[in-house]
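Enquirer: Sequence:
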Amino acid sequence: MAENTPMPDVDAVKEQTLMYGGEDDLDDKYPNRPHNLHKTLPFHTLFNELFDPLMDTNKNRRPTGPRRRVGPSGHSNLNPHEAKRNIIQRYMEQWRKEVGNDFYPAMRLIVPEKDRDRAMYGLKEKAIAKILIQVTKINKDSEDAKQMINWKLPGQLHKAAASTAGDFAGRCYEVLSKRPMRTEVGSMTIAEVNNTLDRLSQVGAEKEQIKIFERFYRRMNPDEMTWLIRIILRQMKIGATERTILDIWHPDAEALFNISSNLRRVCWELYDQDIRLDGDNKGINLMQCFQPQLAAFQPRVGSFDKIVSKLKPTEEDDTFWIEEKLDGERMQLHMMEDPSAPGGRVFGFWSRKAKDYAYLYGRHFSGEEAGALTRFIKEAFHKNIRNIILDGEMITWDMDTDHIVGFGTLKTAALSEKDNTTGSNTGQRPLFRVFDCLYLNDTLLTQYTLRDRRAALQSAVSGAHRRLEIHPYIEASSPSQVEPELRRVVENASEGLVLKNPRSAYKLNERNDDWVKVKPEYMSEFGEMIDCVVIGGYFGSGHRGGAHSSFLCGLLVNKKAKEGDPDYGKCISFFKVGGGFSREDYANIRGRTEGKWKDWDQRRPPGIIELGGHDANRQHERPDQWIHPSDSVVLECKAASVEASDKFRLNLTLRFPRFKALRTDKSWNQGLSIDEFYEVKHAAETEHADKEKEFEIEQSRRKKARTTKKPLIVAGADTVTTQYAGPSSKLFEGLQFYIMTDQVFPTKKSKADLEALVKAHGAQIVQRDTLAPNLVVIADKRLVKVSSLEKRATKNILKPIWIHDTIRQNEIDKATLPYLLPYEANRHMFYLLEDQQFEVEANIDESGDPYARDIFDVDEMREILAGMPKKVEATTFDKDLFINQLEEHAHGMTNLKNYMFTNTKFAFASVEDVEWTLRAKLVRNYIVYAGGAVTEEGHGEGVTHMVVPHEGYRGEEESGMRELARKVGLEWVEKCWEEGTRLDEERWAWG
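Residue numbers (numbering that gives the first Met the number 0): 0 to 990.
Bear in mind the hints are in silico, worked out from the structure with no lab data behind them.
Since the model is a prediction, treat every value here as computed from it, not as a measurement.
All residues carry an ideal CB built from backbone N, CA and C; glycine is no exception.
Warning: the hint list may mix true and false statements.
What the hints assert, rightly or not - Between beta-carbon pairs, the in silico distance windows are:
hint, residue 1, residue 2, range
1, K559, Q618, 48 to 56 Å
2, P483, Q618, 19 to 27 Å
3, K646, T318, 24 to 32 Å
4, Y537, A560, 26 to 34 Å
5, M860, K646, 49 to 57 Å
6, Q618, L734, 49 to 57 Å
7, M860, D623, 56 to 64 Å
8, F538, T318, 30 to 38 Å
9, G594, K646, 24 to 32 Å
10, E845, D116, 43 to 51 Å
From just these sequences and the hints, can you work out the full model?
Expert: This is the structure in structure tokens:
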């Protein structure tokens, strides 16, 4: 420490010893790190002077708890973004003045999701709720206990609980505020909170976790406990991004974090704003994890021409690259010379979230620290390579089928491969697919073009078969080349494509249009599941040789034809499917059709199957083998859309079909017929039009004065016009269904489709609420009429998924006596009456696993597993790693207010109206702060939304506007800002 530097006081020395005393090499790593002169600020200053003022700026204050003290803001005349910067800057200045220059203790609590020094706690909402129930000594069957455990469920207890539905910390506040140990803020400092959280991250037993929470409970008031819970869950949502916070701390903070993923380094190396990083310190470095470049999301509506245009083609070079998108884990590999290491090389592996995976994939070629990958890649690099950094995807490869396997198997395969000392070529193994080279022989390559970086990669890496491989790409120059490739990868059960600009540099921690994801579901229009009979099979290649790898599916011509009739079993070709099958699926199909296949004879094709093509040559998509439909199976498939095609007899086919399930519950003649397909197609095409009309109809209903009481209508044969093509039963016989809205989750279905479904299973349809004891009310949207029924609190309201679950469970069980599934609170209940709360809760166990229903999908199983207590020892199961892997595939930033207009571009009409113009200026600020872009040209390239003063408006500025731009009013943007999320444009758009 320099002679003129003030000496820290005794309390500050003690604090820093407690925080950093166990790390002996800090002075060597950070010789110039700052030391605080005084104790850190009290923990309550974080929310009193930072978090709450930030939320107040957005009028986004937590709905529960008393009005908290807010410091003087001085931002009344500033836009929200500037006001928030002032609040953050003021807190940092206060810290420098009252504490010192070491801001790291506060920074790791302000942006806990970026703190890589502290391990994962292994605590989710339900686990914290159980701990708080014991800490506060409340009865686990009490209303308050239920309130915390069922924090997602709206309105099941009382109005206060309803106001915090979906906000776990808010629910905890409601409980803690009734029984506080302290009413005033506590005395815990930020350093003390960090030390205690460090211990919480290191203990695994619930008994130890309870002791730590008891300490927090004794020393914190309910407000402090609420924010502590948010920090533990890493769900802050304070209205300011880490990018803004880092930028205010130091102009180069974001750049340093992008190349190091290290908050501590950012705070300790950049505490003086007058000292800037030079060029050499702004690039990535060996053995330091960086934040990788990400691919932009393809618009849900748009053509391949528009997507390709984003890749910035030039007259001299209009090429772009097409790569298959892999279902794995983004990974960076670092390798450098180390004479002391086994084999003379040392490796580093980091995930996108900066999780260190060297323990799993290996640090050396051999010895104790050789992992699941490094022991097998000694020959993967050319001999003149001294050091290298590679960017790619770690995937699971099945050597028996020679095909990629889903992401969920990656860790299991890696652990198994660590024990593979013989180099066996069977089973599943991790495979690193490399698509970029960012550092080579002491040279940083990020500023070079992708084409140059790929050339460097080819010259440096020779690869190791099915261990480390260079990911292939196709060089294209026309948007028409995208769809055939997308079709090919989807048929092979892949996720989709990534389109890349070969003229682009590598941008750390950016999601820009130089890389664009293309997935079939982004363009999903045809959302129906289709059950079709298999009529042909195609043999695979490689390890799939000798077995069918894809199938030809057909439509029945006449389902009513009897055996002996000319049309009995006759089918026409409809689509070919090869994506989505597992080994078990292939085995099941093979087991049910073994010995029933016949080779296709081109000269004597079977008369029972008609293929596509002209009359003289109906041989398009000719299968290798065919099977009589009566000997075949029915497959459930889903597609992105229906398109015209002369390659199939129907002259229509499915675009990007994917296998979903083998319908063992259906016989061959229950597959889809031609007439039934046209009915399903018509329903899918009209669904969008129905939704556009919904808002208009709802508005007209509100305005229409009702002079007479609406009569009860029981649907007869003419009430529901939508035909239902699936199986029928008497499952809902004796019940009346009042279906109030469309289905939103997990797939979208219209109200008419739901009515047709339940009617096919014996239900009666009514169009109003009644007191009938056999009435079942269904809703999936909080429309005015639904909210009105909730307020009356006379009926439970079920989600549409209960209908599907009940039907499917009866099909699985093949029940001779149909039965209705018991309700599950989180999954089935849109609104649950208070007096039935405990009864419904008894239908699932403490982990959320239902007693009466099979689990249908992987996501639901993962959610249940995440809530279960972990009983496996750490030596065999890395709990923190598993939770982190799940979080990496969970999902994103779109729920934050700062990101709700990401990937949008707004243009504003030129209107000579002072009031409208003033409102438009404020709306511009909302858009920019929420991640959107605004063009001042009135049109501009890439405009997605046109803000206009009224419906029917047309102005000169629209002439150059993209045809996909949607007209919206100021009201839509204002409402989005008020709600803190991007609302459905269809209800607010004018064109």
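Enquirer: Determine for every hint whether it applies to the structure shown.
Expert: Cross-check of the supplied hints:
{"no.": "1", "hint": "K559 with Q618: 48 to 56 Å", "result": "violated (29 Å)"}
{"no.": "2", "hint": "P483 with Q618: 19 to 27 Å", "result": "holds (21 Å)"}
{"no.": "3", "hint": "K646 with T318: 24 to 32 Å", "result": "holds (29 Å)"}
{"no.": "4", "hint": "Y537 with A560: 26 to 34 Å", "result": "holds (27 Å)"}
{"no.": "5", "hint": "M860 with K646: 49 to 57 Å", "result": "violated (38 Å)"}
{"no.": "6", "hint": "Q618 with L734: 49 to 57 Å", "result": "holds (51 Å)"}
{"no.": "7", "hint": "M860 with D623: 56 to 64 Å", "result": "violated (36 Å)"}
{"no.": "8", "hint": "F538 with T318: 30 to 38 Å", "result": "holds (35 Å)"}
{"no.": "9", "hint": "G594 with K646: 24 to 32 Å", "result": "holds (29 Å)"}
{"no.": "10", "hint": "E845 with D116: 43 to 51 Å", "result": "violated (33 Å)"}
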